[in-house]
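Add chain E to chain U, keeping to what the hints say.
There are 2 protein chains.
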Amino acid sequence: MTVTAPVQCPVPPGRRVTATGEGLRRALDGPFHTTKQRWRDEVSADDILRDPTLGMADAREWALDKLVALAARGFAIAGFPAAWGGRGTVAESVAHFEMLAMGDLSLTIKSGVQHGLWGGALVNLGTAWHHARFLPGTISGELTGCFAMTELGHGSDVQHLETTITWLPDTGEYAVDSPTPSATKAYIGNAAVHGRWAAVFGQLIVGGVHHGVHVVIVRIRTDDLRPVAGVTLGDQGHKGGLLGVDNGTLRFDDVRVPRTHLLDRFGGVTAEGVYASSIPSVDARFFTMLGTLVRGRICVGGAAASAARKALSIATRYSLTRTQFLMPGSGAEIPLLDYQAQQRKLLPNIAKAYAYGFAMNELALQLQRVTDAAGADPQAGRQLETRAAGMKAMLTRWANDTTQVAREACGGAGYLSENALTLLRQDVDVFATFEGENTVMLQLVAKALLLNYQRSWGEMDLRGTAQATARMLGNDILERTAARSVIDRVLAAASRKPEAQQLTSRAWHIQMFEHRERHTIESLAKRMRSAGKLPVEASFAAINACQQHMLAAARAHTDRVVLEAFIAGIDAADDPYLASILSKVCDLYALATIEENRGWFLEHERIDGARSKAITESVDCLCLELRPKALALVEGLGVEESWLNAALLRADQG
Amino acid sequence: MTVTAPVQCPVPPGRRVTATGEGLRRALDGPFHTTKQRWRDEVSADDILRDPTLGMADAREWALDKLVALAARGFAIAGFPAAWGGRGTVAESVAHFEMLAMGDLSLTIKSGVQHGLWGGALVNLGTAWHHARFLPGTISGELTGCFAMTELGHGSDVQHLETTITWLPDTGEYAVDSPTPSATKAYIGNAAVHGRWAAVFGQLIVGGVHHGVHVVIVRIRTDDLRPVAGVTLGDQGHKGGLLGVDNGTLRFDDVRVPRTHLLDRFGGVTAEGVYASSIPSVDARFFTMLGTLVRGRICVGGAAASAARKALSIATRYSLTRTQFLMPGSGAEIPLLDYQAQQRKLLPNIAKAYAYGFAMNELALQLQRVTDAAGADPQAGRQLETRAAGMKAMLTRWANDTTQVAREACGGAGYLSENALTLLRQDVDVFATFEGENTVMLQLVAKALLLNYQRSWGEMDLRGTAQATARMLGNDILERTAARSVIDRVLAAASRKPEAQQLTSRAWHIQMFEHRERHTIESLAKRMRSAGKLPVEASFAAINACQQHMLAAARAHTDRVVLEAFIAGIDAADDPYLASILSKVCDLYALATIEENRGWFLEHERIDGARSKAITESVDCLCLELRPKALALVEGLGVEESWLNAALLRADQG
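Line by line, the protein sequences are chains U and E.
Here our numbering is used: the first residue of the first sequence is 441, the next is one more, and so on.
Here our numbering is used: the first residue of the second sequence is 441, the next is one more, and so on.
Next comes chain U alone, as it looks inside the complex (with noise of 0.2 Å):
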């Protein structure tokens, strides 16, 4: 591709943004621009900065405080019908999570509890009257709620929740009970301070009769934020980041909640007390309604990418300013981006966190298809579902280890509150564990893409994974993504041309990418195959053993899909020097990828040992050819600089 002048971007008055800068941020945006744009424009950093040394109370009221504030100004509430309220798409209401989580971590997941996930339930699993009963006082904040699933025997297994929600024929009501210990609801949002109401997960029981995991509204607070009788309210207290989001425990001891108050839109009791729901199997009913939780899980990915983006921001500008030790035979001091290792921090980094931006808008836009076809594409959804968490897994691992990365890459400054870096460390960590553990996500991606779709995700018996694997083999196991046509026409052109094989070639990645993910899932499911054979008491080991080969290929799976999706959004970009950059980006996130998993390459014989040195020195050259660029590419990053709130980028810090 010829690379010609660079693009003129308008740099809006007041603003500080490259022009290359500038028109990165557009194409990593992509079709979330205006909203995003709307975001840095109209979002002040007094808005969503949190104090680092705020204690756990002050934290607590300040993210409340600041989470009614956003939502007055139609802020974070994207995604609730435009009857309530809500203003924007569900694709929208990702991408506020996105930028809310440039600002503050705990405002963010507590806007999550508040408006993603009691608010999600109350949308997607209640009706109209729910609707209408709720929604305006949750989209305002008034109304606060908790998403009561997680109890404290079963972190990852909800469908053996042991919450009972007991239908009372003679007063025509429900009891909620919480029969065991192990049934504590734990970890729970807005439960220990300012929760008025919880959406509660547990076994709906009829007539003796079981009816599997349902939703009920209960109060747990009054007004005046006192207990309601027959709720144990517990406070978990101080955690290890998340200062501002209250998490605590719910117990239940024969609590009435009237018949309305069941989130039946799936299954509930009628007016003459008789169990009806639209789906016959409990367990079909169950993955339905768990389906159309899937935007919290999307959100917490989306989320942690953004706190790696600023991480890597606050990094970058400062290693492009701070110098250490003398350039030999100048006596100039050398910035710390000039040093390879430094550039080796960064650089792959920062490509991955376009590419992972990449995916995150595929992934928002298909989110979007499938509430939009509301149901009438099962398959879209349990893609949907599969894609979510990967990428969920992958993008928080990413940004743990990269929050860190640039942390260390700050030095001892890093480890200042000040710099803005250890709270994002710490408050992104747990993110590999809500929603979703990430070991247990991933191994929901291998199953899935084990059955080919042909099962509901989420059901945990490995054995019976094992044994319907056998009916898959030989069929072409790549599920497809929204850039098929891109990839494809991609390879077709490579194939003509001689340089395909160059480890520059867009169509030789694609191929390593692929090639990595068929065999790794097609060598697991021999695997499988052959421990679903086995008698019930040997199976358990023998899948078992397979455990590490599920997690490899669940991340071969998503690093292609990943891949795919920046390939379009390179493809997306008009102007051409835009893409000549974005296209050395891809460059470096496929290599850097292939480089990560070389061990894998050459056990396999898909490169040489030749090849795979070839493969870390063009690593090192792409960082080396990338740094000129590093400022623009972490204003791409679109993280408006002002909330770059870091004492380490101001002028009068030494």
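Keep in mind that a hint or two might mislead.
Note: identical chains are not told apart, hence a pair may lie in one copy or across any two.
[Claimed, not checked] Computed cross-link-like contacts, EDC-like style, restricted to lysine to aspartate or glutamate with a CA-CA straight-line distance of at most 20 Å: (1) K1069 - D664; (2) K1053 - E1065; (3) K1024 - E1057; (4) K1053 - E1035; (5) K1053 - E1036.
It should be emphasised that the hints constitute simulated quantities derived from the structure, not laboratory data.
Chain E only, in chain U's frame:
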């Protein structure tokens, strides 16, 4: 080796350690068992555990109070001359530090600042007069001091500090000055609140002649803790961890200090006003002075490893009792540690904890030998410095990663402050930076290896290194460790056996580690030699391009040193049952390390794809084999049970 019945170790009444755990603990404590057991027997949780919710101001006071109390009881003050109240050898002082770090890292670093750095500067750089004047109060904690080396502008580049210490012949004093903003001393422990004195590093100027970096004792606060005139003190406030350590800044404006206050063991101004030193070269004097401070670097690595041991103890015990999901066929819930993914998170890290533990013991003994030699063996001193730098970087990196893995292995519970893991993680973070930034440390190691110890370490002109490298090619480059005779025995025995190429052959492990080290250094040396021949302008770029290679060489070297220490540690265990367990743990350490580096081994055709996959399978199998020993293995890590201040380990927790 034949496995016999478990060794019978008497379990003291009231203790709850298994016999095997007790035996492993003795083996890993090694020569420091008495010292370490004294901590476990005599130091209570209340003595050393901080409430993780304490705010900064309270945490700072808590740390000083606990430090003074421990010092009064004879803990944390080994390594001082017995004449002034010290109790124990310098090697034991490292063991004390490791034990203290199983409690609270703020308290540990507070001790490190007061006794290790400030006290160590007095002991090692001062003379009898300084000892008599300052040591008693330093040991008791009454005479609080700072180690004022790092400057804002020069974090890692100590040789180019800007602070000046100017001899004033007219008054017979020194004037201490901070000539620029970047000369501000920064990140200095005890500076923000508690310090009364400071050991200030600066350039000594006598009669206009620069004599390089020296250290002078400066009064910074009065007895009632007001700053002394001419001294400007700053509080660096809230940090990402170590809230109990009061880091701050120091600036000096013509602060006058009596002649006697220069720590003049290696050079100073005589009563006649003439500079005199036993070491004529400015550079050699600088490195001699820095060399005496090596203990701090050793202690930091050991303390980080203690934090990792504690995190592994908590997460492993939790994984033994916490269940999740049902076993197919049986209906019983599955303990987390039965899952392959959980075993993979914890067991290879437990194996590393043993490996690093044996290597730390050896390093402490090496420090003892160098200290005892009192400069008579400069090569041993340089070797110690190299090893300390490599161990510091490797152990602090591992501790950062492992505390995070442990947190995630405990899921949401791991994120609650009451479960201790997030505090460990936050506190250990900066260990990767202080006492020598890890990337800089690994480069020091690589340069020392390249130069085959012909030149002083620490000098940052890489071009000189590259030129000198030409001289060493062709020599054997493996620095031998104290374990060499054991290693030679293993290699000799193996060469007579057919199983020498089996994956669990110790000789094969040694050969793999040695091959990686030798090849990485030799190829680096060749590249550096070429780079050194270039003109000065080009050589920076060429040498900079080798930076990742340098880091790889340093890691390969340190891995080999650690493996040898592990093998020697097993050799010293006299009980065959314990030795058989340790041998399996060593297999896991060796194979997991080879697996981590399998990309390299494959690239260099040292293994093929089939063998690489077999190594991964072996690691899986060893995890499964060691899983029934998991409790004993973490007991062996030596963290007293009452110090495991994690609520999730209490029986009353769901």
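Each hint, compared with the structure:
no.: 1; hint: K1069 - D664; verdict: neither (55 Å within a copy, 53 Å between copies)
no.: 2; hint: K1053 - E1065; verdict: within (18 Å within a copy, 36 Å between copies)
no.: 3; hint: K1024 - E1057; verdict: within (15 Å within a copy, 37 Å between copies)
no.: 4; hint: K1053 - E1035; verdict: both (9 Å within a copy, 18 Å between copies)
no.: 5; hint: K1053 - E1036; verdict: both (12 Å within a copy, 17 Å between copies)
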